[in-house]
Amino acid sequence: MAENLIDIRELKKYYPVHGGIFKRHIADIKAVDGVDLKIEKGECLGLVGESGCGKTTLGKTILRLHGATSGRIYFGQSEDIIERIESLLKSENPEERQEGEKLLRQHDLTRLSRKNLLPLRKKIQIVFQDPSNSLNPRMLVKAIIAEPLIAQRLMSGKDIEKRVLELLYTVGLAKEHMMRYPHEFSGGQRQRIAIARALATYPEFILMDEPTSALDVSVQAQILNLLKKLQDEFKLTYLFVTHHLLVVKHISNRIAVMYLGKMAELGPTAEIFDKPLHPYTKALLSAIPIPDPKTKMEKIILSGDVPNPINPPSGCRFHPRCKYAKDICREVEPKLEVAEGRHQVACHRWKEIS
Amino acid sequence: MNSHGQKASEKLLQKPLIKPPRSKASQRNRLFYASIIYLVILGAAALAAPIISPYNPNDQHLEERFAPPSGKYLLGTDNFGRDLFSRIIYGSRSALLVGIVSVSIAVVIGLTVGMIAALSEGLVDNILMLLMDSILSFPTVLLAITVVSFLGYGLLQVMLAIGVIFSPVFARIVRAEALSIKTEGYVEASRALGSSQLKIVFLHIIPNLLGKVVVQGSITFAISVVIEASLSFLGLGTQPPTASWGLMLKDARNYLVQAPWMAIYPGVALALTVLSFNIIGDTLSEKINPRIQG
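Same order as they appear, the protein sequences are chains A and B. With my numbering applied, the first sequence covers 457 to 810. With my numbering applied, the second sequence covers 30 to 323.
There's no promise every hint is true.
Said to hold, decoys possible - 20 Å max Cα-Cα, derived EDC-like pairs, lysine to aspartate or glutamate:
| hint | chain 1 | residue 1 | chain 2 | residue 2 |
| --- | --- | --- | --- | --- |
| 1 | A | 579 | A | 564 |
| 2 | A | 807 | A | 730 |
| 3 | B | 316 | A | 640 |
| 4 | B | 211 | A | 586 |
| 5 | A | 578 | B | 217 |
| 6 | A | 479 | B | 154 |
| 7 | A | 479 | B | 150 |
| 8 | A | 807 | A | 789 |
| 9 | A | 779 | A | 748 |
| 10 | A | 738 | A | 727 |
| 11 | A | 598 | B | 217 |
| 12 | A | 546 | A | 536 |
| 13 | A | 579 | B | 217 |
| 14 | A | 571 | B | 217 |
| 15 | A | 516 | B | 213 |
| 16 | A | 516 | B | 217 |
What the hints assert, rightly or not - Far from chain A, by Cβ distances over 12 Å, these chain B residues were calculated:
| hint | residue |
| --- | --- |
| 17 | 103 |
| 18 | 289 |
| 19 | 308 |
Said to hold, decoys possible - In silico negatives: residues of chain B with every beta carbon more than 10 Å from chain A:
| hint | residue |
| --- | --- |
| 20 | 69 |
| 21 | 77 |
| 22 | 78 |
| 23 | 79 |
| 24 | 94 |
| 25 | 114 |
| 26 | 130 |
| 27 | 159 |
| 28 | 163 |
| 29 | 164 |
| 30 | 175 |
| 31 | 184 |
| 32 | 205 |
| 33 | 217 |
| 34 | 264 |
| 35 | 268 |
No lab work stands behind these hints, which were simulated from the structure alone. Using N, Cα and C, we set each Cβ at its ideal position, and we do this for glycine too.
Please model the entire structure based on the sequences and the hints provided.
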């Protein structure tokens, strides 16, 4: 099995809701509610799910743009250390648990101090959805791409200029683009600039937060191919957050399906597309239009809306919309279990319904 | 065909028969440039006052009191026989000085307070903004009079008072803009790169809100010139014999029928200055956005 670059354990991110005259804390929006996820070195993991299921929040928590409520994120830690910390944390002995907490402060991304986090920022980068919003309109392209180099104090003066130029070529832009402002570019070119900025510090992991959703379809393909090329060239690991299933099929090795803050299904791309196990995944896949009038698709129409994440349903979160739901689904929360090889699913009845 | 008719038709062809109406935008542009030219001239006159003014502004020519505008006294003389033209030139010094200093004070206070409020949110934000709003809730001139009567009369006190009084306007603008810029993608991206809070403020937030501050600064400049004139008119600002437009208007009040030029010319200078700053502020607010400018 490949080495894990990121190992997420029981990650939770709650947003407090304040109400009343005194702005009391009355409830939590459970955006990410206990997610376990391993991202292997060099893979592209597609993270899909509908709007508001917590996929972007999960990504931004890895980047520490949002602080986690609880849980652990290990980045680039060896299996031994992770296992040791995890076993210490589960220990009955309070002293050992304390020991575990102490180790977490050095190894857990969500608990690192600002100072210890800074060098890690080099290795973890992000490309945002909307490039017209993620580039400062008052900065020259040169300054935008150089920003990470200066912030991380990686190089100075002439080297920066050389690196910026190199990055521009890497993403398919030219020298003459250096002295222009973002508004002078098309959407696709702007996204290329954003990608160049993300690449500047030689990262290992890039969070792709719907990088193609704001682009024209014709440009989407170009950007996707560029991302694929860059991944091979620089041995990058991607977490590709999107709601566009075909995009994910094109670029990902594995797919993780999220529903209402929980992981529903996880597996290699081909297996997920050929043999989806979770009823929610089946419904998602059946919504992809097939460009062939002869195929008769059986569309699974989900009834109802996504439930409110402030007060998620008991048991399996999907049960109010699931046609296979039984009593057990309403009462017991299903755990992510191995179905077959690397394919995991969180459903009580996957064996019966497949 | 005779040559005369040919010439006439050529002439006709050269001139368009109907003059195309001037567009509103180009009209505004003309006003904008006219305002800038006026202010540049005023600024140059203020700087070079000792060189270009024909008389010492405080020299009294008592035998020539209330002289109407003439070749000798370009804009006439006042009740002490002082040359009005020279006094207007010298008066521009205090008007511009008040504008520059008080706007700077207001911008510095407003930028600091607004930025701290926007970045800290919560309790600190509420307290700071409550403070600013309480300043904002007083009538401007009344508050200026109160502050000046505490600090004492004089130009410096007036500048300080105006600066403090207008700082809430800037604090509000800065806070509102900073709050919205804070959530922009490039600020998040910068945070993900490991930039410090201070760096984000100076690299991303301030450059993107400076446009709005400049526009407000231009308009505040106009208002502070008026307030300085009002306070001087009331005897609280610039103290005689220093030349100030407000003081000149105050002197003119008693001789409106006898020597109307004493009131007209300082009044015109004051009005033009205020108008220019307002026009510049309005035009800039449209021009300042690089995305629209293209």
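Just to be careful, I want the Cα atoms of residue 598 of chain A and residue 217 of chain B compared with a cutoff of 20 Å; is the pair within it? holds, 19 Å
Closest CB-CB distance from residue 114 of chain B to chain A, is it above 10 Å? holds, 44 Å
Assess, step by step, whether the Cα of residue 571 of chain A is no farther than 20 Å from the Cα of residue 217 of chain B, and give holds or violated. holds, 18 Å
Could you grab the alpha-carbon distance between residue 546 of chain A and residue 536 of chain A and see if it respects the 20 Å cut-off? holds, 15 Å
Would the least Cβ to Cβ distance between residue 268 of chain B and chain A come out above 10 Å? holds, 44 Å
Under the criterion that the straight-line Cα-Cα distance not exceed 20 Å, is the pair residue 479 of chain A, residue 154 of chain B satisfied? holds, 15 Å
No chain A beta carbon within 10 Å of residue 163 of chain B's: holds, 22 Å
Test the statement that residue 184 of chain B is away from the interface with chain A: the closest C-beta pair must be farther apart than 10 Å. Per Cβ check, residue 184 of chain B is outside 10 Å of chain A; nearest 37 Å; holds.
Is the Cβ of residue 264 of chain B more than 10 Å away from each Cβ in chain A? Given that every Cβ of chain A is farther than 10 Å from that of residue 264 of chain B, nearest at about 46 Å, it holds.
In terms of Cβ atoms, is chain A entirely out of 10 Å range of residue 94 of chain B? holds, 57 Å
Straight-line Cα separation of residue 479 of chain A and residue 150 of chain B no greater than 20 Å? holds, 14 Å
20 Å limit on alpha-carbon distance, applied to hinted pair residue 807 of chain A and residue 789 of chain A: Roughly 16 Å separates the two Cα atoms, so the pair holds.
Violated hints, in rising order: 9, 33; the structure is consistent with all others.
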